[in-house]
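**Student:** Residue numbers (the working numbering), protein chains in the order written: chain A, 412 to 691; chain B, 169 to 461; chain C, 0 to 357.
Derived by calculation from the structure, the hints in this document are not laboratory data.
Please read all numbers here as calculations on a predicted model, not as lab measurements.
Hints may be right or wrong, so weigh each one.
[Stated by the list, open to error] Among the chain C residues that face chain A by a calculated CB cut under 8 angstroms, a handful are: (1) ASN68; (2) ALA73; (3) ALA78; (4) PHE81; (5) PRO342; (6) ASN344.
Cβ atoms here follow ideal geometry from the backbone N, Cα and C, with glycine treated the same way.
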Amino acid sequence: MRKTQIWDHVILLAGVFFMVTPVVLAFLTSTHDAITIYKEGIQFAPGGKFLENYETVLFQAGGFTKEVDGFVMLKNSLILGLGFAIGKIIISMLAAYAIVYFRFPMATLCFWVIFATLLLPLEVRILPSYEIVQKLGMVNTYSGLIVPLIASATGTFFFRQFFLSVPDELLEAARIDGAGPWKFFKDILVPLSQTMIAAIFIIMFVYGWNQYLWPTLITTDESLFTLVRGIKQILQVWVGAQIPAFNEAMALAILAIVPPVLIVVVFQSWFVKGLVESDK
Amino acid sequence: MKKVQFQSRWLPYLLLLPQLAIVTIFFLWPAAEAVQSSFYLEDPFGFGSTFVGLDNFTDTLTSSDYGRVARFTAVFTFFVTFLSLGIALLLAVKADKVLRGASAYKTLLMWVYAVAPPVAGLIGVLLFDQHVGPMVDFFAMFGWKMQIGVDYFDTSFAMLTTAVWKQIPVNFIFFLSGLQGISKSVQEAASIDCRSGLRRFWTVTFPLLAPTGFFLLIINITYAFFDTFGIVDVIVKNEPGNNPVTLVYKVYLDGFRGNDLGGSSAQSVILMAMVFILTIIQFRLIERRVHYT
Amino acid sequence: MSTITLDTVRKVYAGNVEAVKGVSIDIADGEFIVLVGPSGCGKSTLLRMIAGLEDITTGEVKIGDRMVNNVDPADRDIAMVFQNYALYPHMSVYNNLAYGLKNRGMDKGEIDRRVKEAARILEIGDYLDRKPRQLSGGQRQRVAMGRAIVREPAAFLFDEPLSNLDAKLRVQMRVEIKRLQRALGTTSVYVTHDQLEAMTLADRLVVLNGGNIEQIGAPIDVYDKPASTFVASFIGSPAMNLLDVKADGNGLSLAKGAGLSGANAKGKDRYTLGIRPEHMEEVAGPNGGDGLLLEAVVNVLEPVGAESYIYASLGDGGPEIVVRVSSHARHEAGEKLFLKVAPENAHYFDADTGRRID
Chain A
412 MRKTQIWDHV ILLAGVFFMV TPVVLAFLTS THDAITIYKE GIQFAPGGKF
462 LENYETVLFQ AGGFTKEVDG FVMLKNSLIL GLGFAIGKII ISMLAAYAIV
512 YFRFPMATLC FWVIFATLLL PLEVRILPSY EIVQKLGMVN TYSGLIVPLI
562 ASATGTFFFR QFFLSVPDEL LEAARIDGAG PWKFFKDILV PLSQTMIAAI
612 FIIMFVYGWN QYLWPTLITT DESLFTLVRG IKQILQVWVG AQIPAFNEAM
662 ALAILAIVPP VLIVVVFQSW FVKGLVESDK
Chain B
169 MKKVQFQSRW LPYLLLLPQL AIVTIFFLWP AAEAVQSSFY LEDPFGFGST
219 FVGLDNFTDT LTSSDYGRVA RFTAVFTFFV TFLSLGIALL LAVKADKVLR
269 GASAYKTLLM WVYAVAPPVA GLIGVLLFDQ HVGPMVDFFA MFGWKMQIGV
319 DYFDTSFAML TTAVWKQIPV NFIFFLSGLQ GISKSVQEAA SIDCRSGLRR
369 FWTVTFPLLA PTGFFLLIIN ITYAFFDTFG IVDVIVKNEP GNNPVTLVYK
419 VYLDGFRGND LGGSSAQSVI LMAMVFILTI IQFRLIERRV HYT
Chain C
0 MSTITLDTVR KVYAGNVEAV KGVSIDIADG EFIVLVGPSG CGKSTLLRMI
50 AGLEDITTGE VKIGDRMVNN VDPADRDIAM VFQNYALYPH MSVYNNLAYG
100 LKNRGMDKGE IDRRVKEAAR ILEIGDYLDR KPRQLSGGQR QRVAMGRAIV
150 REPAAFLFDE PLSNLDAKLR VQMRVEIKRL QRALGTTSVY VTHDQLEAMT
200 LADRLVVLNG GNIEQIGAPI DVYDKPASTF VASFIGSPAM NLLDVKADGN
250 GLSLAKGAGL SGANAKGKDR YTLGIRPEHM EEVAGPNGGD GLLLEAVVNV
300 LEPVGAESYI YASLGDGGPE IVVRVSSHAR HEAGEKLFLK VAPENAHYFD
350 ADTGRRID
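Chain A extracted, bound-state conformation (with noise of 0.2 angstroms):
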């Protein structure tokens, strides 16, 4: 090996222990008793706790009232991000296939106003976004928690891009196969664009299984928290306890990292094709 090629490894190497170390470092964590890492401080090998804290954290009930535990953190967790997922994948691309495969009148304008919610993100429209949301009623509801989040404008423009690149033949072939518009989007068009909705799916679960500000907000009924949204319980409950303990916070966070870390390495190859083409 040249010597070019050792500091290209060391360079990586380097980059890769910046990277994974914090994240070690937490699991590690995780496995200890609180006493001891009170007492000696982040440990650097595993503990014998691994089982019992999880456990702890799972099944027990914690927080203020006692009422959500890990696992009910874990399926919110889900719910919102397969929620939003789905329901952001279905909204959209019934909006882009108006959009890039009829002609009326009004097509240019409903683009410019989906367009317009890139120009709006949650965080600077908080305060009149939760006013509105409490007047529908729908604070501390699923729903509530979705919707609202649902509609910005990137999945309409994905899959407007990807309809775009769409030969313009197959639709032809399609009619003079006799398919009308329903017909063609549900035996073409959603074929074809598996792979693409795989991406976006991927994209858009860890987008929503990492919300934070919204779900703060909205749900105040701790039988409705996320584990990212528990994030805050965790630092005043467990952290900022008499002895703060960080062996059962950090089982919270790797519970909350390793489902979405999961779906990004497995679907690797579909992760970075959606997350770099749906930014083009």
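Dock chains B and C against chain A, hints included.
**Tutor:** Coordinates of chains B and C only, in the frame set by chain A:
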């Protein structure tokens, strides 16, 4: 648009209905409310509101607190963008070059993408903890006594490190795919024309990556502005007092804690204007990007 | 099977761009019509209007006795073969063929019979379970044909179906399309920009230029008597030599340069004179006789195998012409040539309108 399209009186509207309904209710309406209430002063106890013109804006822009937060946001954004782009580019160039273990490196460097910002913040809190954090021990060896949550600079440092850590994967993925998009024959031609690898990088590879780089610049600025909310919130642990916070965090604080509806709305409107500018730049760049490829 | 009638069909796009300017054609039952012309001549638009993929601005399209202007493509009883085949990438070959039939609600047994029959004719029976991406270009082309055949339509419409194939395959498929059309006897309209494809396939050629018909006729008639300079230069390869000439007493001489004699003026001052490369015969010298005589100097000899082309300049700075000679001819650059043209092989065109003068 397509050469051939379907024609139907009602179907396209039906297809668009769900999206348009949600957009209108949850995007346009709240945004309009934000703009409206930025011109009003609301009584904190809910007894009506009075029109105050641009007062909320002038109050906001002239307050020393806002200035301090804005300065921090600017510095924070600069370092997050610069560091995460720089480190990611270096790693992407190396990952594109190595033959052995390329896919393992790729996976190991990108998976942090899936970690939620507040979770990253929580791990940051652990690593920089006064009592148990290894980073504190590490820097103590150099005589730096870190006090996260107490010392403004130390807290900023922890926040910055966490934010950069979280953002490297996205940049890495884009740079790597950009590098892999550069045709082999161009690289081969360059290696015939130029012996020095470093010079080759700056004169051939880097210019070809520039569209990706510009694009990522905007993405990173947006990230540092908005998506770091979770990191900031977790690291300052509900005690924003003297701690560094970003502009977005202040909108949240003033709106939900301070009950300063008008001020918070005015800040929202200012942020909208910034997003507007960033989006326009981004779209300009996307057009360019299309031409490049 | 059926006739197709186009009656002053026009297509005007947004922005007042007139792509097709009032075209009328009567296509007989079982006839193979080729629409040929350069890109942008309106040939594809015309075909797509027959298919129902483009609206007809004015005029009428009839398939059989039925006016189809407002009939959906699926109900026009036509089948189309696209340039890029437009196979459904996610469906097997079998389902690609069967999709249109299923949509018509045809009985499963009948669908199966038709698909198997088409597969047999096109020799794609072994690939029925494959996806299009697992097929070679030629095989995809066959599947696209198969999709047209199974419908047993009144007419086949072909939109440059061979232009994505390599040269060798193109010749092979050309022969096959012709054979198939003859066997099935289905009325066909075929669009191409390749004059060779047009010549070999067509019962009748329709040469289009700028949205207008330049000429309609059997390939050999079009070749022998091109109606305009446009047709003359478009049909035939190498193209017909076109020379600007002017009246000179009783005879004609080149507008620029020298080396033409023996041509007769026909009452006008200026003409475009057309001579096909194969209609020039090498003679020893200017020894009189009937017909035109050209004097030229050889620039390049280009052997293509079965024959050779001489590129030669007419005297005194005159234009360059192409002469087709036997592959055994030996000529050097700079050599002087005397070329004889029989009177019936000289084509005269109006210098201004480009129309043929007989």
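**Student:** Please go over all the hints and tell whether each is borne out by the structure.
**Tutor:** To see whether the hints hold, each was checked on the structure:
A hinted interface residue such as ASN68 of chain C counts as satisfied when its beta carbon comes closer than 8 angstroms to some beta carbon of chain A; here the least separation is about 16 angstroms, so the hint is violated. Interface hint at ALA73 of chain C: satisfied, since its Cβ lies 4 angstroms from the closest Cβ of chain A, which is below the 8 angstroms cut-off. Annotation: ALA78 of chain C was flagged as interfacial toward chain A, and the flag holds, the nearest CB pair being 7 angstroms apart, inside 8 angstroms. Checking PHE81 of chain C against chain A by beta carbon gives a least distance of about 4 angstroms; that is within 8 angstroms, so the hint holds.
For the restraint placing PRO342 of chain C at the interface with chain A, the shortest Cβ-Cβ distance is roughly 50 angstroms, beyond the 8 angstroms limit, so the hint is violated. Contact between ASN344 of chain C and chain A, as hinted, is not supported at the beta carbon level, the nearest pair being about 44 angstroms apart and thus beyond 8 angstroms.
Hint compliance for this structure: hints 1, 5, 6 are not met, and every other hint is.
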